[in-house]
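Visitor: Since the structure of chain A is already known, use the hints to place chain B on it.
Protein sequences, first through last, are from chains A and B. FYI, the numbering for the first sequence is 4 to 256, going by the numbering used here. FYI, the numbering for the second sequence is 500 to 679, going by the numbering used here.
In case anyone wonders, no lab produced these hints; they're calculated from the structure. If a hint is listed, it holds; no wrong ones were tucked in.
Derived DMTMM-like pairs: lysine to aspartate or glutamate, alpha-carbon spacing no greater than 25 Å straight-line:
1. 553/B to 597/B
2. 647/B to 64/A
3. 116/A to 605/B
4. 607/B to 113/A
5. 116/A to 143/A
6. 607/B to 109/A
7. 108/A to 644/B
8. 590/B to 143/A
9. 590/B to 113/A
10. 647/B to 70/A
11. 108/A to 131/A
12. 607/B to 567/B
13. 108/A to 634/B
14. 590/B to 109/A
15. 573/B to 545/B
16. 108/A to 625/B
17. 607/B to 592/B
18. 607/B to 143/A
19. 108/A to 635/B
20. 108/A to 605/B
21. 256/A to 644/B
22. 647/B to 93/A
23. 195/A to 217/A
No experiment lies behind these values; they were computed from the predicted model shown.
Below, each chain spelled out in residue letters.
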Amino acid sequence: MSFLHKLGLVGVRTFSRTAPANRHPLHGNGVHGAGPGITPVNSPRSAERQEITRTSRGLKEFLWNLDGLGRGALLDLGPVWQTTLSFFIERGFRVTAEDLFCAWKDFCREEEKHLQMASGGALDTTEDRTPEGRAARFLEGNLCYPAASFDAVLMWDLLDYLEPSLARRIVSVVSGAVRPGGVVFAMFHSRKPECFHRYRVADSMTLQMLPAAEIVPVQHVYQNREIQDLFGQYRSMKSLVSRDQLREVLFIK
Amino acid sequence: MWRKEESKTQAVPEISTKAVNSTITPPAPAAPLHEKPTPPFAARTEARISQGIKIRGEITGSDDLFVDGEVEGKLALDSASVTIGPNGRVKADVVAREVIVRGCVEGKVNAHERVQVWGTGQVHGEIQTLTLVIEEGAVLRGKVEAGKPAEKGGNAFAAAPAVAEETSSSANVPAIPAVN
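Excised from the complex, chain B in its bound form:
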């Protein structure tokens, strides 16, 4: 009796996971043997610099990094995500795939994909990224560059419409909601 109940409760999540997988994701094609499958985001390992730890120098690597301590120097994690925790103090240039700022950063932030600055975040320095997300209350002091690089060399206004009325269609574009 007792053993039967225990086995039932253990089995539930296993079954539901299978069901979710079968309905949402199509069966993945078999990966070639020479290709190393990329782990899902949740499975990525994350290095951690906890509160109270101070590091001076250059940090490089390919794993995600969470900084809740103090770092001075350089953070170069090209393919990884760097999170500056609420207690984190970074006085360094940061290069990463994604940078999430909840603490304080002093230096250049260069993220290939995205920079998120939370309401508690402060960036004193330049930000260069594709997508920038800023929450209310965030402090940004310095130059910000966001978006895809502009096309160079072309006549920028060659394709401008000749009739003013045509632009009124752009007024139908819905307003982008403010970040709360």
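Just chain A, same shape as in the assembly:
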């Protein structure tokens, strides 16, 4: 079994582009099928993909915490979307976007190549291949920001899809990059999601969920206590659970 198989990056279920919105498990729970299909950045054009809009109290609270900030700095750990960028730039933010899903997938591919070369005797095999070692190596080239350089972070549901050891490290790195008083917006699935989504901001209280081909499979479904432990160094935490089993959580440092 290859390294990518172990991480679940090979043969993962891909989203059926023809799945209608009304078959979606989230439909009818504050989540609405909407408008014409929108193709996310980094994917070929397709008129068949449908985004789902979602009223987000978490986003509303997140923005409330940023109100009056003036020119702030935002870190978006999802893909680059014109709507999200424009939304925050028009409100005076400098937006930094780093798609950690894609970065992690690329990293795993490289690791796989290294492993293959190592098994052929062409490389040093003393490198730490444990999840902790991998996480450390991944963060050597990603999320490299000066301390306290962001006022806000959009983490989306990233942590559910990463190895727990990497998730812990990412929370730690992000915490270092957030200024005291800064806000982190994260989402956690209460049960294993049936479809992989990317998120973007439509307006100040609406998110668009765009079904996408699964980049990484779900690694862990966090319980409330685990989330609290993960973000233990934050001053406050506000959890908003919706009927679609997606928990929106705000952390204030």
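Guide: For chain B alone, kept in the frame of chain A given last:
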């Protein structure tokens, strides 16, 4: 007869241009002699690296540049616009006033004003700019920084309103349309 008609057709655009200029733009103040007037955008000269041409090294200058060939090295045109055409392949750090990507760029893109990535465009590397415009289908792999630099040192949340209801006004802000 023949000559009269010819002179009429030639005169039409001249007259209409004058009329447009007189109604839309106010009379420009006389520029001081020591100041060189900046040419309008359309009049700017544009250098061109056509398809099939490969350049390796550093390109600098002040004129706009259109790259439809291959460039490897560095593109530094601080005050100009760089367009990577649909066939363009750039493996270089690009520094310019404006960068338009319709082809493929591998490297850091730093535009003082704006970066536009068309649906056919691909950027593998970092983007740093004031305004970023992304079209559907564009491929971006790497870190993106857009917007004005954040204020440093201040207490970010000192001015946050105390009453939650106040923020509901921000909900009235119209949604920003998606790029098609």
